[in-house]
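What follows is the residue order along each chain.
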Amino acid sequence: MEKLISIASKMAISRNRNCQNIENVDSINGKSKGKSFIENFMKYIFTICGFVAVASVAAITIYMIISGVPAIFKVGLGEMLFGTVWAPTASNPSFGIAYIILTSIIGTLFSIIIGVPIGLLTAVFLSEVASKNVAKFVKPAVELLAGIPSIVYGILGLLIINPLMGKIEASLFANSTTHIMNGGANFISAILVLAIMILPTVINSSETALRAVPTHIRQASLALGATPTQTIFKVTIPAAKSGIITAIVLGIGRAVGEAMAIVLVSGNAVNIPLPFNSVRFLTTGIVSEMSYASGLHREALFTIGLVLFIFIMAINIIINKILKGGGKVER
Amino acid sequence: MKDSICKKQVRVLDGFLITLIYISTIISVGILIGIIGYVAFRGVSSISWEFLSTVTSEIRGTFGILGNIVNTLYIIVLSLLIATPIGIGAAIYLTEYAKPGKIVRLIEFTTETLAGIPSIIYGLFGMAFFGVSLKLGTSILCGCLTLTIMVLPLIIRTTQESLKTVPLGYRTGALGIGATKWYMIRTIILPSAMPGIVTAIILSVGRIVGESAALLFTAGAGYYLPRHFFNHIFKSGGTLTIQMYLNMERGDFNNAFGIAFVLIIIVFVINIFTKVLTNKMRKG
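Chains as they are written, first to last, in my numbering: chain S, 3 to 333; chain P, -14 to 269.
Quick caveat, the hints were computed from the structure, so don't treat them as lab data. The C-beta atom is built at its ideal place from N, Cα and C for all residues, glycine as well. Among these hints, one or two may not hold up.
Claimed, not checked - Pairwise CB distance ranges (calculated):
| # | chain 1 | residue 1 | chain 2 | residue 2 | range |
| --- | --- | --- | --- | --- | --- |
| 1 | S | Gly78 | P | Phe26 | 51 to 61 Å |
| 2 | S | Leu111 | P | Leu160 | 25 to 35 Å |
| 3 | S | Ile68 | P | Thr47 | 36 to 46 Å |
| 4 | S | Thr63 | P | Lys84 | 23 to 33 Å |
| 5 | S | Asn42 | P | Val40 | 49 to 59 Å |
| 6 | P | Asn239 | S | Pro142 | 44 to 54 Å |
In isolation and in its complexed conformation, chain P is listed as follows (with noise of 0.2 Å):
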């Protein structure tokens, strides 16, 4: 007998495929333990309280950061409080008040283009409407004002994926005992929606943190410490990955790297804060 149940065939294709998964996988997680090991191994050595506590100064020939992080802080906080709220605003729109029809897939097909369109359109963009346009040169509220459209389909999207998740029991509960709609979704929906909702900022967190092409030439390329604090928004300042980039141009490679280094850690941060709190909502 030669196809007996007991005897089995050897495929030499199903063999080879599943070498060619494995290999995939391999090459998929090689590259990103390469990339992290790589970084570690280059940047630690530049890291040091000098390069994170300090401003470059050309005088006495040092290198520091500290200036870009305190510019990452002032992008991310800026820019998150314009975008969150007209963000959540648009989701709650989507799914509490419009009526599904033309107007919602309107809404959901520029949320999509918004989302698809690279980061160096946006900083073209931003660069002829807010710096040109509006007058603001290149400063970092130009800077936030053009992160904030960048961020703005990431906040609809998962505060409504969020908003989604809430029963629909919980909604005509509360509509059934009297409250109004605003009181409804202030008092029952948001709160439920919450975990939902700070993913959303930490994922914008992490958009931005790591942007460059859209900063380029809206935010510019200060590295000095605000004197003012509310007058620093009009002043050019560049974030960590911009100052990377001016690093690897001039070939300075160690304190890139550092930079770097910085960055993954901050990446990683990020990472594990939105899988604590997606499993969080998943249980909730």
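This is chain S alone, in the form it adopts within the complex (with noise of 0.2 Å):
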């Protein structure tokens, strides 16, 4: 409030100099020109910020499309979605992306699988459990993870995750003839890079997400004769709910998405997603070869872009749909 008296006391000063000087004193009744016309000016400027996030959205999608689609009428809508042959550069090309869609689902649904209970458990120990203290040492730490770029991840992946796996590959395929060594760069490594990589998101929602509770319902849980574990389980997570389920949505978007983390730790190969083949993400793909592609191969991945665009937006309006439900029970 001192704040406040003291800045109405400087613009007082300073209009009074400013009458001073005006032979005019702006009176109540004549709206001085010049500033309404500045107010004007600055008000269309502030509109037009505000609708460069609406043209950026248009413009991306209107450019995905453009540079998407050729090549699904060049190559066919169901050879392109349902072949399983990725030859671009061969002397008869072949653009079927089925292995590289199903790779990114599968690999993102089992990313999910591991990288969702321990994140959902790492918030109710930050949120429900910890004393005020440790959650000091480990909320900074979870945004810590979350800041980390993720080709530093990819490091990691490709010099502790990937020599493990190619370890356990070794060993459970030696007597095999058909499995193609790749020194771990594969299908499991991938996911669990990604299940890393999506823990802070999924810590950090439905940490807040858990936090939103009001503190009665706990009470009245407790006061019932549950216990307090019986309480998380049964009272807090329940409640907490579309703020999980939303924290789960954001993380399957950030696994979709990731691109560079995972590029060199999955082997990079077009091959079904079986844990220990060398496979090929939607992300993966447009990053290893789009620095050499030409022509129609180009097309291509940008239909796999086009792709990954479809996938993206179809998470964000189930976003959307899921927070303004949310909203409405909270009222």
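Reconstruct the complex from the two isolated chains, following the hints.
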């Protein structure tokens, strides 16, 4: 309040000064024209700024469609989406992305299955179990985890998870004649890296959701004789359901869209997504081939981008729906 | 008496679930400590004065990241110069001017959508739109414009949050003593929301420093120092993350870890800054 008063008094002084300088003192009836021009001008500027986001989304959508659709017409929709052979540089090129799409879907699913329980329980620890001092240490750690660049996760996956998987692979497939060894650069490694990467997203959003559960609901449950643990799992988590679902969907979005962390970890050959196969995701396909692609190959990569974009837009619309629905329930 | 109030019933399930909670937390925190420890352990040895202050030279066979540091600074400054005014303007429009309704919902939905689009899509869009259609090619400017759109939702949302915390009394008070709307925004709302705006800028810096997929095809991978201060933005310039990716691809892991260590330190510093600012805002 003091701040306001000081600002107000400053303003009054400066206004007085203005009035003394000007012959026609600003009357309450006569609006000053210079000022109303600036007022309107600023209003338009702000309105334009507000619509930059809308314009960007429109531009991105249009450009993804314009650059992604031609390849579909040239190759054929069915052949592209359901074809399994990706050989863009062969003399008789083939552009089937079925395995690539399948890898992204299954990979995301499993990274969610691994990452979400760990993330959710960590969020429970932070909001329900931990004392303030412990939370003070754990929370910044999670925030730091969220800030680490994805490429750093990539190098760790490449140098820690891959050799580990390589050893498992070597012992599992020692007698196999059909399996192609890829030194641990396989589907599982990529899933593990993705599961770690979605942790901070899941932890932060579900913690916010858990903290938003009113205390009296917990107190009522405890008063009825439920143990603290029963309260957490039977009352608090169900009450925070919509927020937790949002957290999961956000995690899905992050896992689907991640590129740089898994491009070197996943092996990058187009294969059926089996645990020890070298695989290619939608994102890693674009990253690894865009630099030298041309012609139809390049257009096909844009089609992969378009498929990814459609996934992401679907996820965004789902989040929007959940948030709206959740808001209504709370009211 | 079997179920006496004095005799506590042992619940196996409770114990099991609590153990799970602790294990999950230990995994989450353990991963972080592991990452930082491993990167520091592998990265410190490759950090030297030459590493930080020279440019890679093929002739002498030395490796340095000065060019990449300069490129990263170029991209941070230029992207924020474009994105901050637009972002703040949009936030002001949403909180001060717009009437709640379809338009606000549309803008908020598109902002959320922008925040959810993965960086590789921004990379593709930037390459097709700024690079090919606007004929910027692979240049720092092309990368900057791409990143501008990418950090826009972050700036809009953080600024909006801090504008919302400015008490209504400040607004009505200012308008009541005769300030015009723009005068009120300029002298009262924006100064009060300053910590939030600075937080938004710092968060954006963190996002830009860590970005790689959106820059790979837009800003390229150049590592030379600028010859001309302004013309440099039309040249290809790789940031620290891009250089790290290229090193990894080549199998040069020691230098890659050196860059990773530098990146983690930057992220750490940024985190501390945000913490201090948000605390200030809460007290504020």
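Hints the structure fails to honour: 2, 6
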